[in-house]
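Trainee: Assemble the whole structure, with the sequences as input and the hints as a guide.
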Amino acid sequence: MTPFNKGVVDAVLLIIVVMTTVIMARLERRRLADYGLGPRNALKRFFAGAAWGFVFISLLVFALFALHDVALQHQPVSLRSALLYGAEWFLSMFFVGAFEEALFRGYLQWSLGRGMTFWGAALLLAILFGAAHGSNPGESPVGLVSAALFGLLFSFSIWYTRSLWWAIGFHTAWNWGMTFFYGTPNSGLLAAGHLLSIAPRGTAIMSGGSVGPEGSILMLPILLLAAIVIYATCQPVTADGKDPSYD
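Using this note's numbering, the first residue of the sequence shown is number 8, and each one after it goes up by one.
Read the hints as simulated data drawn from the structure, not as lab findings. Even glycine gets a Cβ: it sits at the ideal position worked out from N, Cα and C. Check before you lean on any hint, since a few could be wrong.
[Said to hold, decoys possible] Computed beta-carbon distance windows for the label pairs:
#, residue 1, residue 2, range
1, R36, P228, 38 to 46 Å
2, M8, Q80, 12 to 20 Å
3, I134, H75, 15 to 23 Å
4, G209, G127, 32 to 40 Å
Mentor: Next comes the structure, spelled out in structure tokens:
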């Protein structure tokens with residue numbers, strides 16, 4: 008997996024999903040903001056989510072280090088290569104995160120939600136999101152469950168913000184942290200060009216094995232902490248229960 012081949016594929020898929028959403032919004036006489044793609048506070052929400060995404064992948068990796076379930080391998084890399092790959096992988100992972108969130112938490116989330124409630128739709132799409140990772144080489148049952156729970160976590164952020172941007176930021180930085188910064192497998196996929204190189208050394212249930220950190224049972228407390236952060240930082244704050252920054 009390289010930043011080019013991964014990024015290009017997901018960029019094309021993102022364009023298709025966004026164009027489809029635009030068409031459906033016009034047919035239904037709705038705004039893109041009704042499906043979480045509103046521009047208001049987009050950068051603020053994106054970078055807030057990105058900051059938390061990197062914090063939580065770092066917390067998970069440090070916990071695995073503390074428990075001696077992963078080991079740092081020698082990975083010599085020049086400053087120029089690190090900066091180049093870092094930028095390329097961030098852009099690539101932005102397309103990955105934006106495509107997956109727009110597909111699973113955009114039009115489908117809100118349209119299905121009108122017929123089966125928001126959380127009914129969120130649960131269905133989370134299961135599909137987890138199942139979509141099943142084709143990745145090296146995946147595990149724990150990794151698939153983690154992916155599905157991630158889907159619910161991102162829906163939780165959308166429930167409060169009515170926007171995809173926090174989830175896109177978190178998704179981007181989480182994947183960037185695994186793929187480039189720490190150099191671990193990402194849902195069973197190995198990347199070319201990374202800053203560090205961290206390999207599993209403990210049992211697969213703890214270290215994540217071939218899946219990477221997302222295959223570790225420690226994902227459960229990490230996701231719970233992330234949900235608490237969403238509750239604490241993304242809740243509406245006005246008396247009428249609406250966030251004044253909603254589109």
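Trainee: Run every hint past the structure and note whether it holds.
Mentor: Verification of the hints:
In this structure the hint that R36 and P228 lie 38 to 46 Å apart at CB holds, the actual value being about 44 Å. Under the hint 12 to 20 Å, the C-beta atoms of M8 and Q80, about 18 Å apart, fit the expected range. Hint check: I134 to H75, Cβ distance near 34 Å, so the stated range 15 to 23 Å is violated. The supplied range of 32 to 40 Å is met by G209 and G127, whose beta-carbon atoms lie about 38 Å from each other.
Against the hints set out earlier in the document, a violation occurs for number 3 only.
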